[in-house]
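Asker: Given chain A, work out where chain B should sit, using these hints.
Protein chains in written order, with the numbering used here: chain A, 1 to 671; chain B, 1001 to 1212.
Please keep in mind that the hints were generated in silico from the structure rather than gathered at the bench. A few of these clues could be false.
[Claimed, not checked] To be clear about the criterion: a stretch of chain B counts as covered by chain A if any three or more of its residues have a C-beta under 8 Å from a C-beta of chain A, and this derived list gives those stretches: (1) 1017-1023; (2) 1149-1159.
[Claimed, not checked] Here are some, though not all, of the chain B residues that point toward chain A, as calculated from beta-carbon distances under 7 Å: (3) H1010; (4) S1107; (5) R1135; (6) S1139.
[To be verified] Think about it this way: if two alpha-carbon atoms lie no more than 30 Å apart in a straight line, the pair counts; the simulated DSS-like pairs of lysine-lysine are: (7) A/K645 to B/K1191; (8) A/K503 to B/K1122; (9) A/K283 to A/K438.
Beta carbons are placed, not taken as given, at the ideal position from N, Cα and C, and that holds for glycine.
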Amino acid sequence: MRMRLLILLLLTSTALSGYAQQYNFHDQVVDSFLIELKKPSHDTVKMNSFLAFSRYQFNAGQYEDALRTAQSAIRYFRGKEINGQLPRLYYNAGMSATNLVKYDSATQYLDTSIALATKEGNNEVVVLSIIAKALMSDYRTDYEKAVNYYVEALAIINKVAPALNGYYPKVYSGMGRCLIVQKQYEKGIAYNKLVLNYKGFADEKRYHILAALNVSDGYISLQNFDSSKKYLDIASQLYSGLKNPVLGNLIHNTEGYFYYKRGDYSKAKAAYEKAVVDANEAKNYYLLVEVYDNLTNLYFDLRDFNSTKKYAMMAIEGARKHGQISILANSFNVLSNVYKLEGDYRNAYEYATLFKVYSDSSSNEQTRKEILSLESKYEFEKNRQEIAQLTITNLKRQAEINRNYFTISIGAVIGIILLAILFYFYSRYKHKALLAEKETKLKEEKIVFLEGQQQMVAMKSMIEGQEAERARIARDLHDGLGGIFSTIKMYFSTIREQSQELKEQPLFNKSIKMVDDANEELRRVAFNLMPEVLTRMGLSQAILELANSITHGGSLKVLLQDYTSKERFHSNAETTIYRILQELLNNVQKHAEATEVVVQMNQNDQMLTITVEDNGKGFDLNHTMSEPHAGLTTIQNRVSYLKGKYTIESVLGVGTSIFIEIPNASLYKND
Amino acid sequence: MIRIVIIDDHPLVAGGIEMMIKSESHLSIVAHLQNAKEALQFLEESCPEIILLDVNLPDIDGLQLCEIIRGNYPETKIIVLTSIEEASIITQFLQKGANGFLLKNISKEEFIQAIDSVLDNKTFLSKIANENMIRHFASVNNALKSVPVLTRREKEILALLNEGMNGPQIAEHLFLSTYTIETHRKNMLQKFSVSSTQALLKKARDLKLLLT
Chain A
1 MRMRLLILLL
11 LTSTALSGYA
21 QQYNFHDQVV
31 DSFLIELKKP
41 SHDTVKMNSF
51 LAFSRYQFNA
61 GQYEDALRTA
71 QSAIRYFRGK
81 EINGQLPRLY
91 YNAGMSATNL
101 VKYDSATQYL
111 DTSIALATKE
121 GNNEVVVLSI
131 IAKALMSDYR
141 TDYEKAVNYY
151 VEALAIINKV
161 APALNGYYPK
171 VYSGMGRCLI
181 VQKQYEKGIA
191 YNKLVLNYKG
201 FADEKRYHIL
211 AALNVSDGYI
221 SLQNFDSSKK
231 YLDIASQLYS
241 GLKNPVLGNL
251 IHNTEGYFYY
261 KRGDYSKAKA
271 AYEKAVVDAN
281 EAKNYYLLVE
291 VYDNLTNLYF
301 DLRDFNSTKK
311 YAMMAIEGAR
321 KHGQISILAN
331 SFNVLSNVYK
341 LEGDYRNAYE
351 YATLFKVYSD
361 SSSNEQTRKE
371 ILSLESKYEF
381 EKNRQEIAQL
391 TITNLKRQAE
401 INRNYFTISI
411 GAVIGIILLA
421 ILFYFYSRYK
431 HKALLAEKET
441 KLKEEKIVFL
451 EGQQQMVAMK
461 SMIEGQEAER
471 ARIARDLHDG
481 LGGIFSTIKM
491 YFSTIREQSQ
501 ELKEQPLFNK
511 SIKMVDDANE
521 ELRRVAFNLM
531 PEVLTRMGLS
541 QAILELANSI
551 THGGSLKVLL
561 QDYTSKERFH
571 SNAETTIYRI
581 LQELLNNVQK
591 HAEATEVVVQ
601 MNQNDQMLTI
611 TVEDNGKGFD
621 LNHTMSEPHA
631 GLTTIQNRVS
641 YLKGKYTIES
651 VLGVGTSIFI
661 EIPNASLYKN
671 D
Chain B
1001 MIRIVIIDDH
1011 PLVAGGIEMM
1021 IKSESHLSIV
1031 AHLQNAKEAL
1041 QFLEESCPEI
1051 ILLDVNLPDI
1061 DGLQLCEIIR
1071 GNYPETKIIV
1081 LTSIEEASII
1091 TQFLQKGANG
1101 FLLKNISKEE
1111 FIQAIDSVLD
1121 NKTFLSKIAN
1131 ENMIRHFASV
1141 NNALKSVPVL
1151 TRREKEILAL
1161 LNEGMNGPQI
1171 AEHLFLSTYT
1181 IETHRKNMLQ
1191 KFSVSSTQAL
1201 LKKARDLKLL
1211 LT
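Here chain A stands alone, though its shape is the one from the complex:
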């Protein structure tokens, strides 16, 4: 989990650094960019300004701004042949989108970049974009794909060496990381050590620090703490004198992890706290979440539950925002354990459920995919709006540029530039405010949507988990307790036969009777938990037994009309429908004051329909619907689990009818 933290920095440093370093102050960059932009012609110069500006924003961590700049530049230059810089713009947009966790857009940008750059024979941008795709795959935990991209990049570098020799360490570093994440520690360490041997390439120091940290991390996993410390020290030495809070954070975080693993909690705590300060200074909340996650584990080990909860909640909040699923899983797991130890089983259960959702590798993958596809859906809409907005802004800019041109000819150059800057800031401010408003709204909608999705996943695993648990308990009751009771009965009856005195002993006979009662009660409980007939013979027979046993009780007559084909459904569907009917009949018995209830099941080529109709007192639907009604919620959940729908009609004094429709597709497969 920790290893992933290095990606952002790699992305940041891969190719964009070096350009922006000449600018020391934000204002200067903005100024120079604006001045260039305001010039009416010279698209080449303008392109360079755009590139520089988006790089600058990127390196300042303003990924959304960087993406917007690149997008508006792409719109402006699309179709114009500008000295082969267009692929770079796409590359910048792809990098920014990657850092914004917008993978679908990022993939599109990077693919376009590769296609254009290949066409123009710009090998460097091809390599850069392939490396970026590798890192994105790595980030999405598809390591196999990542390694494939690295190999592809290596092939191109080999072909055009030595022009691109400087990229070898970058590729090796990425491959090394992937290997370490996949627990191929020795190989991963070897690749990273290779990086340390390369000298004199762009960003050398940064890559050496990262490689040293990777090696250190690998050794921690191998429990080789001496070597780990050695490389940690190398990283620290290389860093001394540098002022880069992102690198600082990585070093301190690794240091903290090192001490944590060695069991030196006070040193670990101190290092993590430094890492928090660094992350805040870098305004890199992704990295901050990583540290929070580590602190959560640390405080849990220290059994300081208040701090554990505090950091876990902060980690969850951030991880949700940045899609750090493995951190979410860990936080939920730790919280579940904390509440378990505190005896708060309700919370413990809830967090355990969440943990299950996020940790289960298949559902993890699934959740991730669902979240991403939702993301792209909204992204599309948002892009459309952004583009519309940008077109307006561009038109405004164009108008402004024209006006500037006119005034320049009069001669009041400086004054007008100042005005233009003012106007630019004003329109930028307005534009930003509008976008921010729109974004907030979209985000809110997205949260609601994702929460719904999450609830669905949580509900599914809860229902399935619950049923598995019920079946297990029912089986245990029969096998364990049931066997003991039966054996006691056998012993007692044998003893009784051997002694005339006992045969007439009332207390002894009463004891035997009580064993019978206990056995009867046990069978009743086990039947309610999971009727054997349901698993053995299917829904129709199980409903028949249920109806008979209720009718036998005497107060309610169940008229069962079963017109289904009687073929077996998927066991999850059978159990779920059985529970629905159990709950509905339970409600009738408890609340309806009915004497008869019709249970009708029909099946046609599309769906299964179920009607449950009683002749009870009925109820006021509006009243019941307005309050959360536990029974109805359970039914609602189970019906929607089967992608079905249900309607209730109730007439006071006449009775209640419930009509449920379940598509056949939900009956025969479990997805």
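Answerer: Chain B in isolation, oriented as in the chain A frame:
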């Protein structure tokens, strides 16, 4: 000497049975087998008069084993020993050739009675199993004989169909979707085993479910 074999993976219950018949000199437990594989191997060597068979076995299902034993050893009496009492499962076992059905919660008297009954070529059901079976057959019988009951919604729709309305008209009248009306109509066709609305209306009239 009546030889008995127990096929059950719960040692406790087997111990209880052994205890019960200790004083019965004509009965002897010759083997306690934990699963179907062991059981079939043992039966190849020597076939007992009585087999006590658990419903849930670790390898194959008790029902399947029951069928196999019945096929290979037609003379052996099989008594199903179980903790479940659902009538449909009992029926299934009887169909596959079981001679008796005993709940594990038995007294010695009942046990001896069960052994005697099956040896006398009678089918033995323990008291609760017997009650469940009677109830079960009564309800199945009733369901076969009885005229389908119409739900309130179905009555409504049937009456409107009888007035000559079509699906969309009924939908509008009842504020429901045509789709829902169609579903109810199809359900009624299924209930009365007819294939057209005309036939449905005729049958309903014959059964006096319509007041015209």
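Asker: Please go over all the hints and tell whether each is borne out by the structure.
Answerer: Hint check results:
Coverage of the segment 1017-1023 of chain B by chain A holds [criterion: at least 3 residues with CB-CB distance below 8 Å; count 5]. Counting residues of the segment 1149-1159 of chain B whose beta-carbon sits less than 8 Å from any beta-carbon of chain A gives 4, enough to reach three: the coverage restraint holds. Of the supplied interface hints, the one on B/H1010 holds, with its beta-carbon coming within about 5 Å of a beta-carbon of chain A, less than 7 Å. Interface hint status for B/S1107: upheld, as the beta-carbon distance to the closest one in chain A is roughly 4 Å, under 7 Å.
At about 6 Å, the closest approach between the beta carbon of B/R1135 and any beta carbon in chain A falls short of 7 Å, and the interface hint on this residue holds. Restraint check, B/S1139 versus chain A: the minimum CB separation of about 5 Å is within 7 Å; hint holds. For a cut-off of 30 Å, the pair hint linking A/K645 to B/K1191 stands: about 22 Å separates their Cα positions. Straight-line distance between C-alpha atoms of A/K503 and B/K1122 comes to about 29 Å, which keeps the hinted pair within the 30 Å bound.
At roughly 23 Å between alpha-carbon atoms, A/K283 and A/K438 fall within 30 Å of each other, so this suggested pair holds.
When the structure is compared with the earlier hints, no violation turns up for any of them.
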